[in-house]
Amino acid sequence: MKLTCKRIVRGKARGSVLLLNEPLNFLGMVNTKTGEISISKDSQERDHLRDKILVFPNSIGSSVGAYTIFSLKCNTNSPKGIICTNKADITTASGCAISNIPLALIDSDNYNRLIEFINDNSFCRNEIEIQMDTESEIISIDLKKSL
Amino acid sequence: MLLTQEEEKGLSGEYGEALAAAYRILVAIGEATNAEKLVPIKWAHVSGVNYNTIGDSGLEFLKKISIDGRVGVTTSLNPMGFDRDHKPELSAEFIEKQYEIIQAYNKMGITPTFSCIPYEIISLPDEDTQVSLAESSAAVLANSHLNLKTNKESALSALASAITGKSPYSDLRIEENRNPKIEIVNELELDSELDYGLLGYFTGKNIQKSCAGFCNVSNRSGIWNLKSLASGIGTSGSCGMFQLKKSDDSVEKINYGQPEMKETRDELNTAEDGQVITFGSPQLGMEELCKIQTMLQNKKFTRPCKVFCPRTVYCKAKKLGLIESLQRSGISFISDACTCLTPLITRKNFDSIITNSVKASYYMKTSNKISVALMSLKSIIKKYTE
Chain A
89 MKLTCKRIVR
99 GKARGSVLLL
109 NEPLNFLGMV
119 NTKTGEISIS
129 KDSQERDHLR
139 DKILVFPNSI
149 GSSVGAYTIF
159 SLKCNTNSPK
169 GIICTNKADI
179 TTASGCAISN
189 IPLALIDSDN
199 YNRLIEFIND
209 NSFCRNEIEI
219 QMDTESEIIS
229 IDLKKSL
Chain B
263 MLLTQEEEKG
273 LSGEYGEALA
283 AAYRILVAIG
293 EATNAEKLVP
303 IKWAHVSGVN
313 YNTIGDSGLE
323 FLKKISIDGR
333 VGVTTSLNPM
343 GFDRDHKPEL
353 SAEFIEKQYE
363 IIQAYNKMGI
373 TPTFSCIPYE
383 IISLPDEDTQ
393 VSLAESSAAV
403 LANSHLNLKT
413 NKESALSALA
423 SAITGKSPYS
433 DLRIEENRNP
443 KIEIVNELEL
453 DSELDYGLLG
463 YFTGKNIQKS
473 CAGFCNVSNR
483 SGIWNLKSLA
493 SGIGTSGSCG
503 MFQLKKSDDS
513 VEKINYGQPE
523 MKETRDELNT
533 AEDGQVITFG
543 SPQLGMEELC
553 KIQTMLQNKK
563 FTRPCKVFCP
573 RTVYCKAKKL
583 GLIESLQRSG
593 ISFISDACTC
603 LTPLITRKNF
613 DSIITNSVKA
623 SYYMKTSNKI
633 SVALMSLKSI
643 IKKYTE
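Order-wise, the sequence lines are chains A and B.
Residue numbering for the first sequence follows the working numbering, starting at 89 and increasing by one per position.
Residue numbering for the second sequence follows the working numbering, starting at 263 and increasing by one per position.
Next up, chain A with everything else stripped away, as it sits in the complex (with noise of 0.2 Å):
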């Protein structure tokens, strides 16, 4: 499936999906050492940023969170693109610019058609890929096998 974005920061990336329904304060709730994520104290399980398609709303609080964008970046820990479903903010936007990483927007309609997909292979979440392609403002979605 393919949906058209908006291009933030140019480049190419491809990458198993991440999928945060919540919005990211990179200064607190992001190790750059690991590239793990805590959203909440009493969440448990803990996702990690290396090499996937970050899928977030937008970033919130510290103006420091763009550092922790580069500082993932440097210690290999960084997503290898990352896709705002809110807004680019511009703690992300200046973070990746920096950072290289590949940045894009989306709007509302092909958000649904992103959720729908991963709720039609909720049984193989594993193995759903994302390729952006910033450049010509294409984002595909797909199953890994069929890519």
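Hints should not be assumed to be uniformly reliable.
[As the list claims (entries may be wrong)] Just a few of them, taken from the derived set where beta-carbon distance is under 7 Å, the chain B residues facing chain A: (1) Ser-319; (2) Thr-497; (3) Gln-520.
No lab work stands behind these hints: they were computed from the structure.
Glycine included, C-beta positions come from ideal geometry on N, C-alpha and C.
Following the hints, complete the assembly by docking chain B onto the known chain A.
Just chain B now, with coordinates in the frame of chain A:
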């Protein structure tokens, strides 16, 4: 976003790598925020100073950009990791790298204010001036209380604007976007700076718009309350401005009552008691130091109490005898740094702290992994002095 010929030259590297990197950042932000052009700014405030937060990669970035990067406008600087005048109990490596970060900022021509409340220590530009402030609490306060215009900038966007003297013309920089499209209707008596902080945290978390309106919040709120409100908003969300105003029937509303306050407090209050009291996230100014002294009435704290404030505030208070008086009450002062993400309060030396700051509470919990007893200044003084 359309660039002028000069800006295009800067982006292409004709004027050096630092300027090119700065324009690359601004172009990405311009795309992200649908800006049509860059506009001049007159003041930048840069975050990303504490080695605890930016680490080795941040230091390397700053070393590189400071080779030929020089700021073109007045630029102030956020807090660092410790007080330069008091030898901290930190590793030699930490101290050395912290000084390397400072050296890079000095080289770029940035004023070493080491403060997250620059609006209390430097002379401000005229009202309505475009500025670029990275510290989230300062950006929200500047838009809402100081009548300056900034977006809620990132550490890197503010640095890029400091170097180029420009920022993408978008969002809160445009007058028509500075009217609230959503309002928080306050149903409570806001008795303390903590109440304002909790309201701010709730607002940031629940409002996605750039500007929030508050109904039933006094427009004569003191500076400590406003700083708490702004820092709460800045911590939990992406909202960059508030307005204290009468209700407008035409905009969407969210109620803030007892259940909402309790839920917010329960999220941030993670301990019943603490080993040390901290004040200052954002750092305290003169008015707050005076308020503490007045409320103390010569009583002494029964727990260690640390106050974080800018060096300029500390020096001014010292001249007035205020520092000595507060020290007699058991307060110790830390200049140049801030409670938020300080390396001076860690799991190695403390399990829990007591503070009146929602921002300190959030970052102590998430980054320093320390539990927090969140109480108002009045409650702290009542419980922990004799």
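Next item on the list: Kindly indicate which numbered hints from before are broken by the structure, ordering the numbers from low to high.
Entry: Checked against the structure, the only hint that fails is number 3, while the rest are satisfied.
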